[in-house]
Amino acid sequence: MITEREIVDQLTVSVSDRVSGTIRETLSSIIQDEISKALTRALVEGQFYRSLNAEVIDSIETVYSEIRAVKRIISAESSDESINLISESDSILDGIIKSTEKATLTILDYLEEIQSDIKEIHGLLDGGNIPSCREKLNGMERAVIQIMTELSFQDLTGQQIKRVVQSLKKIEEISFDTYVTSEILKKSKEQAPEKNIEEIRQKTREIVEGAKTKKGKFDQDGVDSLLEELGL
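Per the numbering used here, the very first residue in the sequence shown carries number 2; after that it's consecutive.
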C-alpha cells in the first residue's frame, strides 16, 4: 500500500520535472531572443557607424580636393620662381609668404642701389662728369622698373591670399557641416535606436540645411545653439 508520504514525493518529482522543463524552455527562448536582439543591434550600429565614417571621409576628401584646386590655380597664376617656392613649401600660405619676402628683399636691394647711385651722382655732378651721371641715371631707371615689376607681383600675391581665404571659409563650412551632421546623427541614434538609418540621415540633412538657410552659415555659437534647440 502506497503511503501518503510516497504520494507526496511522487507528485513533487512529477511537478518538479514539468516545472524544470518549462523553465528550461522559457530560459532558452529568452536567451535566444536576447542574443538575436543583441546581434541585430550590433549589426545596425555597425552599419550606422560605417555610414557615419563614410560621410566624414567624404568631407575630408572634399577638403583635400579644395586645397589641391587652390594650389593648382595659384601655381598657374604665379611666375616660375613663385611656383617653385610654392611647390617646395609645406603649405600654400608658406609659399606665398616666401614669395612676398623674396620680393620685399629684392625691392630693398634696388632701393639701396638707387640710394648709393644718388650719392655718386652728386659727386659726379660736382666734378662735371655728365656722361657718368647719365649712365648712373640709366641704371636707376632700370632699378625703378624692376621695383615696379616686383610690386606688380604683390598685387598677384594679394589675389592669391584672397583665394586662400575664400578656400578656408569653404573648408570651415564643410568642417562645421560635418561636425553638426555627425553630432545630430549620433544623438538621434542614441535617442531613437529603432529608427531606420536612412530616415535619420534624411532628417539630419533637413535640419542642417534648414538651419543654414536661416543663418546663412555656422559658427561655433550657432552649432551649440542648434544642438540645444534640438535637445541634443
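Hints in this document: simulated from the structure, not taken from any laboratory.
Where hints are given, some of them may not hold.
Unchecked claim - No more than 20 Å apart at the CA atoms, straight line, and that leaves these computed lysine-lysine pairs for PhoX-like:
{"id": "1", "residue 1": "LYS188", "residue 2": "LYS204"}
{"id": "2", "residue 1": "LYS204", "residue 2": "LYS72"}
{"id": "3", "residue 1": "LYS99", "residue 2": "LYS120"}
{"id": "4", "residue 1": "LYS72", "residue 2": "LYS188"}
{"id": "5", "residue 1": "LYS99", "residue 2": "LYS72"}
{"id": "6", "residue 1": "LYS204", "residue 2": "LYS187"}
{"id": "7", "residue 1": "LYS163", "residue 2": "LYS72"}
{"id": "8", "residue 1": "LYS163", "residue 2": "LYS99"}
Stated by the list, open to error - For each label pair, taking beta carbons as the anchor points, the in silico distance ranges come out as:
{"id": "9", "residue 1": "ARG206", "residue 2": "ILE98", "range": "35 to 41 Å"}
{"id": "10", "residue 1": "GLU62", "residue 2": "GLN192", "range": "26 to 32 Å"}
{"id": "11", "residue 1": "LYS163", "residue 2": "GLU207", "range": "56 to 62 Å"}
{"id": "12", "residue 1": "LEU126", "residue 2": "GLU67", "range": "57 to 63 Å"}
{"id": "13", "residue 1": "SER66", "residue 2": "GLN116", "range": "45 to 51 Å"}
{"id": "14", "residue 1": "VAL166", "residue 2": "GLN192", "range": "27 to 33 Å"}
{"id": "15", "residue 1": "LYS99", "residue 2": "GLN203", "range": "44 to 50 Å"}
{"id": "16", "residue 1": "LYS103", "residue 2": "ILE68", "range": "56 to 62 Å"}
{"id": "17", "residue 1": "ILE131", "residue 2": "LEU109", "range": "46 to 52 Å"}
Remember, predicted model here, so these are calculated numbers, not experimental data.
By construction, the Cβ of each residue, glycine as well, lies at the ideal position given by its N, Cα and C atoms.
Each hint tested on the structure:
For the proposed pair LYS188 and LYS204, the alpha carbon gap of about 12 Å is at most 20 Å, so the pair holds. Pair hint LYS204 plus LYS72 does not hold up; C-alpha atoms about 36 Å apart against a cutoff of 20 Å. A distance of roughly 32 Å separates the Cα atoms of LYS99 and LYS120; the hinted pair therefore is violated under the 20 Å criterion. Pair hint LYS72 plus LYS188 does not hold up; C-alpha atoms about 37 Å apart against a cutoff of 20 Å.
With a C-alpha separation of about 15 Å, the suggested pairing of LYS99 with LYS72 holds against the 20 Å cut-off. Distance restraint check for LYS204 and LYS187: the Cα-Cα separation of roughly 12 Å lies within the 20 Å cut-off, and the hinted pair is therefore satisfied. Proposed proximity of LYS163 and LYS72 is supported: the alpha carbons are some 13 Å apart, at most 20 Å. Distance hint between LYS163 and LYS99 is fulfilled; the C-alpha atoms sit about 17 Å from each other, no more than 20 Å.
For the pair ARG206 and ILE98, the supplied restraint of 35 to 41 Å holds, since their beta-carbon distance comes to about 39 Å. Between GLU62 and GLN192 the beta carbon distance is about 30 Å. The supplied range of 26 to 32 Å therefore holds. For LYS163 and GLU207, the hinted distance range of 56 to 62 Å is not satisfied, since their beta carbons lie about 34 Å from each other. The hinted window of 57 to 63 Å between LEU126 and GLU67 holds, with their beta carbons roughly 59 Å apart.
For the hinted restraint 45 to 51 Å between SER66 and GLN116, the CB-CB distance of approximately 49 Å keeps it satisfied. A hinted range of 27 to 33 Å for the beta carbons of VAL166 and GLN192 is inconsistent with their spacing of about 39 Å. Checked against the hint of 44 to 50 Å, the C-beta distance between LYS99 and GLN203 comes to roughly 47 Å, which is consistent with it. At about 23 Å, the beta-carbon gap between LYS103 and ILE68 misses the expected band of 56 to 62 Å.
Distance hint check: the CB atoms of ILE131 and LEU109 are about 30 Å apart, inconsistent with the given range 46 to 52 Å.
Violated hints, in rising order: 2, 3, 4, 11, 14, 16 and 17; the structure is consistent with all others.
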